[in-house]
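Put together the whole structure using the sequences plus the hints.
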Amino acid sequence: MALPTNTPTLTVLRPGPSTTVQDWPGRIGYWQVGVPPSGPMDDLSLRLANLAVGNAEGAPGLEATMAGPTLGFDEATVVCVTGAPVSVTLDGVPARQWAPIAVPEGGVLEIGAVQGVGMRIYIAVAGGIEAEAYLGSRSTFTLGRFGAGGRALAAGDRLDLGAAVGRPRRLTDEEIPSIGHEWRLAVTEGPHGAPEFFTRADIETLYEATYLVDHNLDRTGVRLVGPKPQWARPDGGEAGLHPSNIHDTPYSVGALDFTGDTPILLGPDGPSLGGFVCPVTVASADRWKLGQLTPGDRVRFVPVRASAAAPLAALGTSRRAASPVVRSPRGDGDDGVLHRGVTGDGTTSMTLRRSGDDNLLVEYGTMTLDLVLRARVHALHTAIEAHRPRGITDLTPGIRSLQVKFDAALTDHQAMTAFVLDIESALGPVDRLVLPSRSVRLPLSWDDPTVRLAIDRYRNGVRDDAPWCPSNIEFIRRMNGLESQQEVFDIVHAASYLVLGLGDVYLGAPVATPVDPRHRVVTTKYNPARTWTPENAVGIGGAYLCIYGMEGPGGYQLMGRTTQVWNHRFPLSAPGFEPEQPWLLRFFDQVSWYPVSSEELTDLRADVAAGRGTVDITDGEFRIADYLTFLSREADDIAAVRQRMTMARNEERARWEASGEIGARKKPCATTGQEVA
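Residue numbers (the numbering used here): 1 to 677.
The hints are simulated quantities; they were obtained by calculation from the structure and are not laboratory data. Honestly, I wouldn't trust all of these hints.
Quick list of the computed label-pair ranges, beta carbon to beta carbon [to be verified]:
1. Arg-151 / Thr-531: 42 to 50 Å
2. Arg-463 / Pro-195: 29 to 37 Å
3. Ala-155 / Ala-133: 19 to 27 Å
4. Asp-637 / Pro-436: 26 to 34 Å
5. Glu-599 / Pro-436: 34 to 42 Å
6. Ser-598 / Ala-133: 36 to 44 Å
7. Ser-632 / Gly-341: 21 to 29 Å
8. Met-647 / Gln-486: 33 to 41 Å
No residue lacks a Cβ here, since even glycine has one placed at the ideal position from N, Cα and C.
Next up, the structure:
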């Protein structure tokens, strides 16, 4: 029997549909390995609730969706309920929302369903909630199964409470946000807008249109229904057949992500890395609104200058809710581009882009797959880490980009741009870099039953006429001009996939490409994306391979399934994993496959889950000079193979145009140089 303690607790008598523990700002510093910040989706409401009960703004509290819980308290305390309007009773007596509530010893707080508007409710308790921390935060990430137990609360759960440290206070009318069905979201331009990706008319339509909130929405993102872009380019090249496809780049929370023609506002549980363009990003001071959007709500995007958005975010909770959004005629008027130039050694172009009011995206070279560009990103990443100034909170590399996240209260884009350019000017050439590169052999169950189930669910629930159905492997074969599905199998198993990024689809999920360009089969991504993908499914999107780190949505063409790349036992050990980190792979690892049956894979996955077995890992290195020598030696054969695959993709594209899947190919206007239909 456990000995009694003096720690005050609350008991969950009724959990509501989905109630989780969240703290603010959440799990920071792990974006580069696919761990989202999580935290409250409506951070304003939780922070205000904490202030009302005397806590620090970021203290752990509860987030409830659509209806609140019923909670019992074994000691007297103070609580506050904020967010969407709900009925609140204490021991059966109505109590006020947005105000401190004194709860007596043995008191029962009951919170009802959302009344008319909004989506989420927040409950703060004096002293905060002492839940299990994971990677520095108590925020629950249910998809990853970690933080505060890794799940929504259930009846009978008991949560320890911390000691109260501050005095409760009244919230002013000015602090309390307005929640309704009509929303204006302040957005800054960038990172990927007009005229490179969207047409000018597309951007104007984005600002003029009213978007409807779709029924597909959760903490990962909010899908919208609105006008289809015309696009400024015919396709994404090696990144994919659809013009929304780009080489995988880091995302910002609040980015408007076009997955194909479908716009999605990325939430705090969204992916850190992906291959779709984002023309605008919701200003950090307005991101709380994403947590209160509900199906059928109407959304307008209002362009604002980043220089005005950042100070608003720095105001904290005191004025954010009441401050008006003032439209700038074209936002900053720079299309989200803050600098264009060349690297310090004069060899490579570079572009610095705005990604919200709190992120700077550094891109190298043109929109092509070039492993030397990824090496340059690594050199910049390493140099910034070594000279990291106050204000930088996260660094996330992509294929040819590095996102520098900063605290807008401490610095701004101008200072960050100057800092990055100064660091970059001292880097020098990268063609002599030698990178640590382990060889990692993993099992692959080809065309695994779980993959076929994901495709069937997509056909039945999302889209039944997609050209990549019913077999993604057959689609890969057709797009690359291969003779048979066996040839797809042979190429995939012959390839050595170099890991260029982690967290492509959460939790250490690698985005990798074959070292040998002749092994780079290229596909497009799903449009729209799948709503469900099995954990550790293996797929290809554009020229990239990904192992899905967890169950969730996705857009890559699926080929099979493998063993875990994330240690759900962490901090307990698992085969192949380092004891201090739950992700298996590292940047520049080289992954290769050996075939297994679905039954064998089931046993191997069970072994990893139980902490048994081994993973075949060998230390090594990747020399950029040797790689460039290889490309030069095999240039003719590489070009011939790539030409054959490109011709096949052009034929597939022609079939798409004929069927209306995508618009007609565009060509440059002889007068303006702009692409026209």
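Okay, which hints does this one fail, numbers in order? 1 and 8
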